[in-house]
Each structure stands twice: as structure tokens, then as C-alpha cells.
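Chemist: In terms of the numbering used here, the sequence shown has 472 at position 472, counting the first letter as 1, and numbering is strictly consecutive.
I should point out that these hints are in silico values taken from the structure, not numbers from a laboratory.
A couple of the hints might just be wrong.
[Claimed, not checked] Heads up, simulated DSSO-like pairs for lysine-lysine below, C-alpha to C-alpha not over 30 Å straight-line:
| id | residue 1 | residue 2 |
| --- | --- | --- |
| 1 | 270 | 343 |
| 2 | 261 | 96 |
| 3 | 435 | 445 |
| 4 | 387 | 35 |
| 5 | 453 | 492 |
| 6 | 343 | 355 |
| 7 | 697 | 682 |
| 8 | 442 | 619 |
| 9 | 639 | 682 |
| 10 | 11 | 154 |
| 11 | 73 | 261 |
| 12 | 435 | 492 |
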Amino acid sequence: MEKIDKNRKRKLRVCVATCNRADYSKLAPIMFGIKGDPDNFELEVVVLGSHLIDDYGNTYRMIEQDDFDITSKLHTIVRGEDEAAMVESVGLALVKLPDVLHRLRPDVLIVHGDRFDALALATAAALMNIRILHVEGGEVSGTIDDSIRHAISKLAHYHACCTRSAEQHLIAMCEDHSRILLAGCPSYDKLLSACGRDDYADVIRNWLGDVKEQDYIVALQHPVTTDIKNSIKIYELMLDALISFNKRTLILFPNIDAGSKEMVRVMRKKGIECHPNFRAVKHVPFDQFIQLVAHAGCMIGNSSCGVREAGAFGTPVINLGTRQTGRETGENVLHVRDADTQKKIHHALELQFGKRYPCSKIYGDGNAVSRILKFLNTIDLDEPLQKTFCFPPVKECISQDIDHILETQSALSVDLGGTNLRVAIVSMKGEIVKKYTQPNPKTYKARIELILKMCIEAVSEAVHYNCRILGVGVSTGGRVNPQEGVVLHSTKLIQEWTSVDIRTPISDSLHLPVWVDNDGNCAALAEKKFGHGIGVENFVTIITGTGIGGGIIQHNELIHGSTFCAAELGHIIVSLDGPECMCGSRGCMEAYASGMALQREAKRLHDEDLLVMEGMSLKNEEPVSAAHLISAARWGNSKAEAILRTAGAALGVGIVNILHTVNPSLVILCGVLASYYENPVKQIISQRALSSVQGIKVLTSDLEEPALLGAASMVLDYATRRTY
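Make the full structure from the sequences, and use the hints.
Modeler: So this is what it looks like as C-alpha cells:
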């Protein structure tokens, strides 16, 4: 830090550009922080966009009231409030900005969010070789704002994002991790302290008259520029629902996006500005607005404030339509994405109004500004300005041509089992076009050579099946680091298979991207893409085969754990003094219910001449297996029946522990023993699980090859994004 300050030899000239009331609420705390540190920073303020329009409250005045000197005011809005006007406004801003930026010559330009005005700012600054800090990049909201936000991120040199997911999105977009700051939302610095103020009653009275706390509604709905007609319809239905709900309501005018003029016409047609229950306003100062939101009975609309700031107060929110689809939200938000009837919105109001929820700090902890100022202080102006991207390695880039379009996009799947090594060509729809099977060699060298030989053969034959191979997915037993493509530790079933980089030799040989994961995780991915898990957000897959494994899907994502040891479900201990497991412990679920455990018990009974029943046949040279134990039980062997009851109970108890730990909505059993265990597991759940999880579904997988299909899904879902 000292070295950077010494090299700089002068204050960092920071230009903050604000376009509207919403982005100023996020930028103002940063501006106060910069202004409060005159030894390190010199602040310039540029105001443009709807700040300077009377219809939107001339909100530049609040910037002046906050005692900021506005360096430049740029009238950049072309009136019309339609798509063409937005484009013309961007063009007008691009015409006016170069003179201002040339005159100010800032070291860093700070822009916020996803507005078309901000896109013009970032474009101009990037072309003029000015470093850009983008605030709140990496988020997902579900409208044209996404495209604008990500475009600004690609132009920006530095990023201050709000959530861990946003940080991961930026990394996935190939942004340099060292230039990404997980700061939190700057507005939280102000609102977390402001929500404890005791003058809220005066604020409520000033804006809404004589109304009690939590007995009013705040409404704020903006147009969705990619679906203007439907967003206007939703706005009209919202107003009808609010009129019939008959509660005092503060309603703010929509922003300046295309479609806003039509929304205002709807508001005036319904007489909202004259209605005794409504107070329609163009602007509320941020510190007062957050007080109104904090103490409201409900907030309704599609403003980002509802899914972000309102969560900090536990205010119930109804989010209408698709404008905020993809945003992370607290439990205070009720989504009504298909808001197609007044009745549906009215019902949502009945459900939410007057509730209180736990406060959420998803978007910040109140320390964003201090982090951002430290981040700014680390900027070395002597570093090259040219932005670099962190692309993941890609062995070969194949441009798309007509032949590729006509081909079936497919994956090459590899499944390393304890007995067999299998390779398959799998189509996008989950069809196994061709499968190759060989015994799994006992040594590392022979195994790698056979994998490469089988893969090369499959890739060659794929052409004849009109399949274009996008990549290779590998499913293997043991603990796997999927990020590095390395098998960390193997099961005892696969020898010489520890600390093995399997990705590199396959990728080097085939010139294709390679994904590797544990076979249990692959089974879960197979169900998610092709099986019972389609459209299910939270579920668990359990493989009941030679061993017992599985995978956990939470919030549509596969859980790996901090050391890639998540979902080792077979080693959930169900008895403190049970039989010895292959892992070295005792009483594991696998030691009771796996194929190997049942085979062990079958051999014991056979050695004691207690296995074979009249009507059964078992040749002397035939190896005893779990199948013989199941057959004996079906023929009425009471000892075999007891062993299987114990196995089913052990598996059921283990699954009850899973239900109590991760609370999935679905459990999928797969593997050769799955159909046999389904009813015993359901019985144990009904007897031993908490009542809140007894209704969770338990299904047997319909997939014949979950490991191969799961390995293929890694390729088919992620090949184009190169992230996993």
C-alpha cells in the first residue's frame, strides 16, 4: 500500500457520474467517503440523464443539497420514452461526454449498475483510456438491464460487486479476480444505520398523512423494456388490486425507460393522483424513502429496492413480473412472476401485508464504502491501462459452419467403475448413441492407455453417427477435485487411482475440454438434466450399487463441499458398533446396505449352509452375490429376510439423517438395488423422520446409465460456458 501511495505522488482524481435517483442512492455514500478523504482523493461530479428532467423531480437538486459541487450537468435524455428514444439518448450522451471527460481528465470514472446512461458513460471512458470502476456488476435481473450491466462490466477495469454470486459471475465472465472487490451494496452503509432512527413517524406523516406504521403500502413499478406491453398490463392490474385492497399507498412514478409514458397514462386514467388512498410522487429523498420502506406494511412492484434494500428491514415485498428474475432475495420477497390477474395480485397482498420477516444482509453489511476507498487506494496508475481477461484454457477453437449445425451436439462420457471401464457417445437429449465396454485395468498406466484408446475410437466413430463431440465428461469413484480434474483419493475398488490428473492426458490427446467428477455427483447431474430432478431445485440422489454414494443438488447447484467430500452419503454412520466398512470405520450405511455388504452376508450364510432354499440353484463354481441373498429371501429364507430388513432400515435411517440435514424436496434412489429399497426406505421415513419431512417424495430412478448420462451432462450444460 505504501509503495503505491509513493508511486502515485498525487491525489487520485475520481469522477463519479450519476444518471438518476436510484443510482445516486448507491453512489452518494461513495461520494461522501471520497469527499471526506481530501488527502487521498479529488472528487468530480457529473450529472446527466433523468436527474435534469422536471417530470422526474429535477433530482439533481438533492445532490446540491448534499453539498456536492456538480462539475458538469449534461442534458442527455431525448424525450419519447420508447425504445428509439433510449437509443437516441445514448447517442446524445456519447456526443456530449468527450468534452467533459477531456476537460476533467479523471484517473478513475465510477459508474453504477445497468442503465443505458451508464452504458454511454462506460463506452466514452473506455474509448478515451480512462479507468472505470463499475459498481454492482455481475448481478442478474432478467431484462435488457442484464445485457447492459454485463456490457459495462466488460468495459470496466475494476469491479465493486455486492454478493458472492455476483463475484462468481464476473469471474465466469473472464474478469480478472484481482480487480474484483466483494464490497457489498454502498446504500446499505446508510440504510442500516438509518433504519434505527426515531423520526420515522414524522416522515410517514409528511408523505402519507395520519396513518399508522405498517398500515400502508409503498408501490414502485418500472417498465420492462423487452416486454413493454405485458409490463403495462401488470401495472394496470397492480393498480386495480391496490384500489380494491383499500390501504393507504405511496406510489412513485416509474423511471424513464421505454414504456413509462404509457404507465403514467394508465395511472392518470384510473385517477390515482386524485384518489384519497394514494399519494403519487415523482421523488422521495433516499433517507426518507428508506424510512418509508422500513416501516411499510408491504412494498409492491418490480423495483430493485424491493428485492435488495427492503430485505435489510424485513419488510414484506411482492415482486411482480420478470424484471428482477435472477436476483438473490431474502425470504421477505414473494414473487408473482405471472401476474396475469388482479385476483392473483390481491391474494399476494393478503398474504404479505403486515407481516415482518428476519432482516437480511445478502447485499451488504454496512462497510462497503470503506472497502471501496481502500480498493481505490490500491490502484496503481503506472500499471498498463490495457485491460486483460482471464480466459480458461481451451485446447482448440472450432468455428461453427454448416456441417456443425447439421450435426447432433453430443458428449463423450467415460465411467470408471470398480469392474468395468465404459465410454459412450451421448446426444443432447440423453440418448446413448454408442457404448463401448472393457474390463477396468488394475494399473494406472494400463488404465490411462485404455481410456485414451477407447476415447479416440469413439471420437472417430462419432463422425459416422453425425455427432459433434463438444467435450469429455468423466465419472469415477473416489474423491474428486472437479475444478482441477484430479482424482484425490480413490475407493479400494479402483487401484492406483489416487492424486491422478485425468483431465490433462485426455484433453491433450483429444484436444477437447474435459470435466471430471465423482460418480455419485454425476448421478445427481443425470437426474437433474434427464430424470426425476428436472425442474426440482433441491434434491438428493443415492446410488445403491456395489458401494453407496450420491449427490446433493441445492438451489439448482451441485454441492461439492470445502474439500470436495460432500455427499459421501454411504459413510453416514447409522450404528456406533456396526459392521466394518471399507472406509475403515464401523456402522456406515454402506456397511449394511451396499451390494458388497449384502454379498458378505450372503457368503456368511452360504458358508453356514443357511443360504440355499429348496427351489434355488447355486452351482459350486458360481460366486455368491447379493442377488442370491435377495433370491433366498423371496423363497422364504428367514435369515436372509432379516439381513435385508436390517439393510433397508440402515439405508432408511441414513436417508432420514439426510432429510434432517439438507431438507431436499425429493430423494432419488438409483443403482441395481434401488427398486428393492424404495418401500423399506419410505417405511423408515414414516416411522422415524420429523413430521415436517415425512411428505418428501422417494422415487426410483428411471435412468439406465446415470453415471454416463451425468458425465455427459457436465459437457452438455457447461461446454459453451467453459465454467464448472
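Chemist: Hint by hint, say whether it matches the structure.
Modeler: Hint check results:
1. 270 - 343: Holds - the C-alpha atoms of residue 343 and residue 270 are around 18 Å apart, at most 30 Å.
2. 261 - 96: Between residue 261 and residue 96 the Cα gap is close to 25 Å, so the pair holds against 30 Å.
3. 435 - 445: Holds, at about 23 Å.
4. 387 - 35: 28 Å, holds
5. 453 - 492: 25 Å, holds
6. 343 - 355: Distance of about 20 Å is within 30 Å: holds.
7. 697 - 682: 9 Å, holds
8. 442 - 619: With Cα atoms ~28 Å apart, residue 442 and residue 619 stay inside 30 Å; holds.
9. 639 - 682: 22 Å, holds
10. 11 - 154: 27 Å, holds
11. 73 - 261: It holds: about 24 Å lies between the C-alpha atoms, which stays within 30 Å.
12. 435 - 492: 26 Å, holds
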